[in-house]
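Q: Residue numbers (numbering that gives the first Met the number 0), protein chains in the order written: chain A, 0 to 394; chain B, 0 to 574.
A portion of the hints provided could be inaccurate.
[Unchecked claim] Pairs of lysine-lysine residues, derived as DSS-like cross-links and limited to a Cα-Cα distance of at most 30 Å, are as follows:
#, chain 1, residue 1, chain 2, residue 2
1, A, K97, B, K27
2, A, K94, B, K452
3, B, K312, A, K205
4, B, K127, B, K90
5, B, K312, B, K54
6, B, K329, B, K151
7, B, K30, A, K205
8, B, K151, B, K54
9, A, K205, B, K27
10, A, K94, B, K284
11, A, K205, B, K568
12, B, K452, A, K388
13, B, K284, B, K151
14, A, K388, B, K389
[What the hints assert, rightly or not] Which bits of chain B does chain A cover? Going by a derived footprint, with three or more residues having C-beta under 8 Å, they are:
#, stretch
15, 18-28
16, 35-43
17, 49-56
It should be emphasised that the hints constitute simulated quantities derived from the structure, not laboratory data. Small disclaimer: the values here were computed from a predicted structure and weren't measured. From the three backbone atoms N, C-alpha and C, an ideal C-beta is built for every residue, glycine too.
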Amino acid sequence: MSGFVLVLIFLVAVGFFFLSRQKALLASDGVLASLHSRPDYHGLYSFLLSMLSGLVTFIICTILALNPLLSLLIAVIAGLVSGLNITANTRARNKSEKIVTGILFGCAGVAVLTTIGIVLSLVFETFNFFDSIGWRVDKFLFGPRWSPLSGLQDGVIDPDRVGIMPLLLGTAMITGIAMLIATPIGLFAAIYLSEFASLRLRGWIKPMMEVLAGIPTVVYGFFAAITVAPLLRETGGLFGVNVASESALAAGIVIGIMIIPSISSLADDVINSVPQSLRDGSYALGATQAETVRQVVLPAALPGIFSALLLGVSRAVGETMVVVMAAGQGANLTINPLEAVTTVTVQIVMLITGDTDASTAAGPAFSLAFTLFCLTLFLNILAMRFVRKYREVYE
Amino acid sequence: MIDMTELSKKHRSPQAAARLHKRNAAQKRLKYYGILAISLSGLALAILLWSVLGKSAGALTEYQIQMEITLDAELIDRDNIERADFSQLSKDMLSNRFPFVNGRTERRGLFDIISSGAAYELRDLVAKNPNWVGQTIPFDFLASDIADLYFKGAYGQIEPITHRGALTIQRDGESLAFSSSDADFAPLLGNVRARLLARANDHRIEAALQENGRRVFNERGDFVEAAKRKNNRDFELAQAEALEALAAQPDGVFELDQFTASIFLKLGQVWVRVETISSNAGTGKILGDIANGVWEASDWQLLIYNSPPITRKVSDVQAILLETLREQGKVSSGINRHFFTSGDSREPELAGIWGAAVGSFWTMLVTIIFAFFIGVPAAIYLEEFARDNKFTRLVEININNLAAVPSIVFGLLGLSVFIGFMGMQRSSPIVGGMVLGIMTLPVIIIAARAAIKAVPPSIRDGALALGASDLQVSMHHVLPLSMPGILTGTILGMARALGETAPLIMIGMVAFIVDIPDGPTNNATVLPVQIFRWADFPERAFEARTAAAIMVLLAFLFTMNLTAILLRKRFERRW
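Use the sequences and the hints to build the structure in full.
A: This is the structure we're talking about:
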């Protein structure tokens, strides 16, 4: 029904486009130049007016549960009003351009609306959740035990069981392993690409990095679970070390591989933007290429590299599929990377997809997501601040 | 004045040479580190693709077993074919074909060699040809996942072993005692002994663990627990010794069990599964049509199935049945039709990606409408019309931050706003598409802004000089010129959205959906989520299907990326 009404509104608006265009042509008495706006703009104005008023009333009708046909009526009236007022002097172009600019403005506002939507939906549930644990936010942030849904009675959550410390530690460990892999490989690759590689070689390596960056996370997850984890387990077995089949190491390594291209391409851009004159100056003083890189280029590019690393960290922290498929599910307070740990994202997925009543599971899940959102937002702002503060400005 | 000869002497001193050598070495090192880093990432990519590709090979073909089935007119109502129990009909056909299979487990194994979906395919075929009822027709039954994997060699193979002696047999009902004039079975005993010793070794390892436990508990002073461990240890040791003693017998009679390799005799066309064996004699169970089968001791073959039954899903009886069918030329393979045309299923051989692919299509359609038709106007506004005020800066900060928000958070946004607040349908492509659209929006806005920014001001100035309004400049000149860049960015953003999994899991697109969705409001799943689900299934046949689904997804992504690159190359303009 409502889809049908929407199509009707659109058809009505298109109809008014042609009617108004015709009316403008008639009003011109055959001399097009006598019109203020070209006939198409008259048509466009009627179309926009009819369409927009129809859509707005349609949304209002949906919210108030009124008959959607009302919006069709409004669309017809708006179209008629705009059509009847057409004279040779109507400034239809200016009016319709104003409307179009308004629409463009509205589209730009969607980005803000999204953020507001995210924050509101997360904050609302988080607020409810904190309320249900008696505002023991300290226990939430620093408690050592995470099993919010065990031993539930009538959906009342025990504040002693919602400590996210093990999740944060698990996330930190996996992120740490990932960064240990991705930082040296990504940076050395970037240095090689921007300072040593020939143009032809670059033409090969860049697409390879793009392929690596374009592989979906679920594929990395499959890779981690089916190839890397058993490999680590067997290797550990050879040395008599017991490696959990869902070890933090496997997930960390694969996430590390995953973020190599983003670090290397960001760092590559930053290193490339260091002016050639700095390098030339260094060479002129007799420095080798390596010395120039170490003592001139890298210090100049440091803020950008730091922000590239921070973005890598924020990707690793928010990564979901690899850890869901390859890391553990039980909250386990450990610092041994060979054991199974769990992360914030894994717990969100488990809570939302689990069997527990959605309204009970939503509280912890949204609070975790809010924590995650704040964490990545903080990292992102930190990266931007850092770049702005320490960036060297070259002519 | 500096004495230049002194200076150059200094530069030629051995110390200077050593310094220079060191500096050059550092230079080389840095270069090698770079090459190493790039090779490592290339290696990682190669291993990833290779492991997925290697695993996906098994999902490309499927096996069919052709058998005659009698469409009994008494069981099938010609006017109501859909109601007939084709599943039972197929089972009866199998029982009649292999009357020697008896016993609950073995009969279930017999029914398990064809897919449970084969009966439905037979039903649909008969429904199309109702005049077949009452006839006996050959039908290609889809092999079950176990049979399929067996034919593909995933469980190893039955291999013949040469023998020299003549066989004498003595039949007693279904069991058979046999002996060879030569010590033909001696080489097999080595295999059996090795298995026994391996098992003994397992017990010894367990005993060592128990011994460890005993020591630890002793040190802790928990003597009750320690005594328990000691008992366990002694038990394990006794087991190990018993097995070793058995293995040490020079011509003992060994019992074959599920830990040892399976041994078969083939007399003509009748199979015998060997149960006990010594170097020149043994007993076994006849698995074959004794009444009608051609079988004699003079034409005998000795076979071994090296993987013990415990390590494979296909039982000895099933393996024999499948071998028999293969010998009769009933088994054929072809391209895996089901994989490319069906929806999801719990049976690996029936599961396909078509449902997920269609779901992905609807989701992407919603995503592109949402992201493109909001993202591009937003970019135009921000680049062409926005004044530098608070709102503009707010929008910019928002866009940059949204690009860094973890995707799972967008899923929760969709869950609470679209499903919770607006009451839209769970698991539907329209919700999934909108969530992915919101996620892709910043990517498209950033790409579109860059493309719009690249259009030189002279174009704008020229248009303005000819009397165009601001909007006309943007719409008639800037937008068309920046379109290739915008499209490139959009395709890249869509490629990212196509591979996205986590947010869709949040909005319930992980549900088990068999039907192919016919619109954006039907329940659906998408390719990456399908991969995630299959990766979780325990059946081994799903591993190959998961890998194959990944290959399909990667093929789509590479095509999209390639299109973007070609588009960029073809339309890229340097002003």
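Q: What are the numbers of the hints the structure violates, in ascending order?
A: 1, 3, 10
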